[in-house]
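Protein chains in written order, with our numbering: chain U, 2 to 394; chain X, 423 to 569.
If you are wondering where the hints come from, they were derived from the structure by calculation, not from laboratory data.
Each hint should be verified, as a subset may be incorrect.
[Stated by the list, open to error] With a straight-line Cα cutoff of 20 Å, these simulated PhoX-like cross-link-like pairs (lysine-lysine) come out:
no., chain 1, residue 1, chain 2, residue 2
1, U, Lys27, X, Lys501
2, U, Lys27, X, Lys548
3, X, Lys478, U, Lys219
4, X, Lys501, X, Lys548
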Amino acid sequence: MQTAMSISRWYQLVLALVISAPSIAKVSGTFYAAQGVAYNDGGNFIAQDGQLEANYFEFAANANWRLTPRWRLAGQVTRRQLGDFISEDTAVDYLFGRYQHPLQQGHLSATIGRFKNDFGWYNASRDSLFSRPSILLPSSIYREWGRDAALRRDGLLLNGLHYWEQQSLSWTLSYGEVDFSDQFTQSLFGSSRLYQTQSRGATSATVHWQYRPWWQLKYSYSHTRFQVQGTPEALLNGGFSEASFEVDTHLLSLRSEWQRWQLIAEWQRQPIEQRFPQFGIRVTPVSDGGYIQLRYLVRDQWQLYGRRDLFWSNDNDRNGQQVAAPLPNYSAYARTWMLGSSWQITDDWQLSLEWHRLEGAGTLPEWQIVQLGQAPTSNLYLLQLAYRWSWAR
Amino acid sequence: MIFFSFHKHLKGSIGILAGCLFCMASVNGAVQVIGHNPTQIGALSQAELRAIYSMKRQYWPNGDAITVVTLASSNPLHKQFCQQQLGLLPFQLNREWDRLVFSGTGEPPTEAVSVADMLHIVQQTKGAIGYLPDHIDAAELHLIVRF
Numbered sequence: 002m003q004t005a006m007s008i009s010r011w012y013q014l015v016l017a018l019v020i021s022a023p024s025i026a027k028v029s030g031t032f033y034a035a036q037g038v039a040y041n042d043g044g045n046f047i048a049q050d051g052q053l054e055a056n057y058f059e060f061a062a063n064a065n066w067r068l069t070p071r072w073r074l075a076g077q078v079t080r081r082q083l084g085d086f087i088s089e090d091t092a093v094d095y096l097f098g099r100y101q102h103p104l105q106q107g108h109l110s111a112t113i114g115r116f117k118n119d120f121g122w123y124n125a126s127r128d129s130l131f132s133r134p135s136i137l138l139p140s141s142i143y144r145e146w147g148r149d150a151a152l153r154r155d156g157l158l159l160n161g162l163h164y165w166e167q168q169s170l171s172w173t174l175s176y177g178e179v180d181f182s183d184q185f186t187q188s189l190f191g192s193s194r195l196y197q198t199q200s201r202g203a204t205s206a207t208v209h210w211q212y213r214p215w216w217q218l219k220y221s222y223s224h225t226r227f228q229v230q231g232t233p234e235a236l237l238n239g240g241f242s243e244a245s246f247e248v249d250t251h252l253l254s255l256r257s258e259w260q261r262w263q264l265i266a267e268w269q270r271q272p273i274e275q276r277f278p279q280f281g282i283r284v285t286p287v288s289d290g291g292y293i294q295l296r297y298l299v300r301d302q303w304q305l306y307g308r309r310d311l312f313w314s315n316d317n318d319r320n321g322q323q324v325a326a327p328l329p330n331y332s333a334y335a336r337t338w339m340l341g342s343s344w345q346i347t348d349d350w351q352l353s354l355e356w357h358r359l360e361g362a363g364t365l366p367e368w369q370i371v372q373l374g375q376a377p378t379s380n381l382y383l384l385q386l387a388y389r390w391s392w393a394r
Numbered sequence: 423m424i425f426f427s428f429h430k431h432l433k434g435s436i437g438i439l440a441g442c443l444f445c446m447a448s449v450n451g452a453v454q455v456i457g458h459n460p461t462q463i464g465a466l467s468q469a470e471l472r473a474i475y476s477m478k479r480q481y482w483p484n485g486d487a488i489t490v491v492t493l494a495s496s497n498p499l500h501k502q503f504c505q506q507q508l509g510l511l512p513f514q515l516n517r518e519w520d521r522l523v524f525s526g527t528g529e530p531p532t533e534a535v536s537v538a539d540m541l542h543i544v545q546q547t548k549g550a551i552g553y554l555p556d557h558i559d560a561a562e563l564h565l566i567v568r569f
C-alpha cells in the first residue's frame, strides 16, 4: 500500500514537471571548433621533428536543458586530433542529470551520470580554447597521456556552494568509474592491442575558497584505481599478464587577479602504486611538478602570457640517473618555458599563438620518447583559430 | 479615453526608445541595475551582484530562479557595467561563463542585442536582472534600482 502511494507521488511529481516544463524550461547549446597548426623543432609531440602539422583540430557540441530552476539535463560530445600524437574518436564527454537545492546563501546539488571531474582550475572545461589559459595546458598537471584517468567519471557527484559578503566556498565529492579509452592504453603501454585497461573506481574531492576576484585557493584530491590485463599475445612478447595501479593525486591551486594582471599557479604530488603480481613487483614512484603563469591584458581583446612549467616523474631521481635503457636520462623530467598571445577577434572568434621551449621529455609517453627525432630539448610552435556558436531558447 | 491612454503609452514608449537609442551611442555616465521585481534587488551589495553575474547565486530569496541578462561582451555599456558595478573586466566574467558552459554545469546569461532589447527581456522575464545607462528614466516601468 505504501509502495503504491509512493509510486503515485512520484507519478504526480513527474507529471507536474512535464506540465510545468514548457513554461519555465530553458534550452541552450554551444558548438565549438578549432583548427591548429604545429611545427616542432627537436621533438615529435603533435608535429614530427622539422615538419608542419595541420591535422590538429578540436570539436565539441553541447546542449543544456534546464527543465525547472532545480532540475537540469546536460550533454556534450567531443572529438580531437593532435597530429599523430592523439586521435580521439567522437566521444560522449558528459551526459548527466542534476538536481540543485537552493540555500539561503548558496546551493547544494547532486549529479548522476557521466560528469566532468572538477580537478584543478581547468580539468572540467579543458577541451575549449575559450575556457583554458593557453592552447596547450601545462603538462605538469594536465598531461595528455594520462587524460582519461582525470577527465570524467560515470557515477555520483555532490556539490555545495556557500557565499557570504566578499567570500565564497565551494566543495565537491564524487565517486565513479573511469572511462578508459584505447588511447589511454596506447599511450601508457604503446599498444591497445596487447593490453586492456579497466577501471576499479575513483574517488575525488575538492575545496575551493575565493575572496573577491583577487584571491582563489583550491585543493583537489583523487584516488583512482585501475587494472591492466595482458592478452596471450602480450605474454608471448614477454609482456605481463596483469597489473594494478592506485594513483593518489594531491593538487594545490592558486589564482590571483589584480586589474589587468592575472597570476595562476598549481602544484601537484602524485604517488602511483604499481603492482605486477606475476613478477612479484610492487613499486610506488612519486611524481611531482607544477607551474606558474602570468597573464596581462594589453587591450580588451588582446592578452599576453608566459609560463614556467616543471615536472619530475620520480622525486627520488630528479636527474634521471636511475632511468633504465632504452629510455634516456632526460625522460625523468620536463622543464618548459612558454610564451603566448591570444586575440579575441570577435566574441565568437579567437586566435592564439604560442612558443614552447621544452627541456626533457618526462611528460611524454615512453613509446614516443624512444622515437627517432626526439632530442633532449625541443621547440614547439602553435597557432590555433577557434570559433564558437551559441544558441538558447 | 482609450485613445488618450494609448496616446500616453505611445508617447512614453517613444521617449524610452529615444533614450535607448541615445544611450547606445553614449555610455560615459553611470550604469543602473534593473530587475523584473525591484523589491528583490533593492538591497543588493556589489558582492551579491558579482555573485549573481558570476552565476554563483542562482536564486532569489523567494526561490525564483535568477535570469541574468547582459549585452555582448564587446558592448561599451557592458564593459562599463562590469567595471563600475562588479569590479571585474569582461574577460573575467566570460571565463566564468565559459567554464560553466563547457563543463555542463550551467548556461550562459541571456544576451540582449540592444539596450531596448535588454529592457524588453527584463520586463517580460520573471526573476530577470539587467542594466541600463543611468540617464534612462526607467522608474515609470518599476524596474529601477540605483546604486
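These are the hints, each one checked on the structure:
no. : hint                 : result
1   : Lys27/U to Lys501/X  : violated, 26 Å
2   : Lys27/U to Lys548/X  : holds, 13 Å
3   : Lys478/X to Lys219/U : holds, 16 Å
4   : Lys501/X to Lys548/X : violated, 25 Å
Hints 1 and 4 from the list above are not met by this structure, while the remaining hints are.
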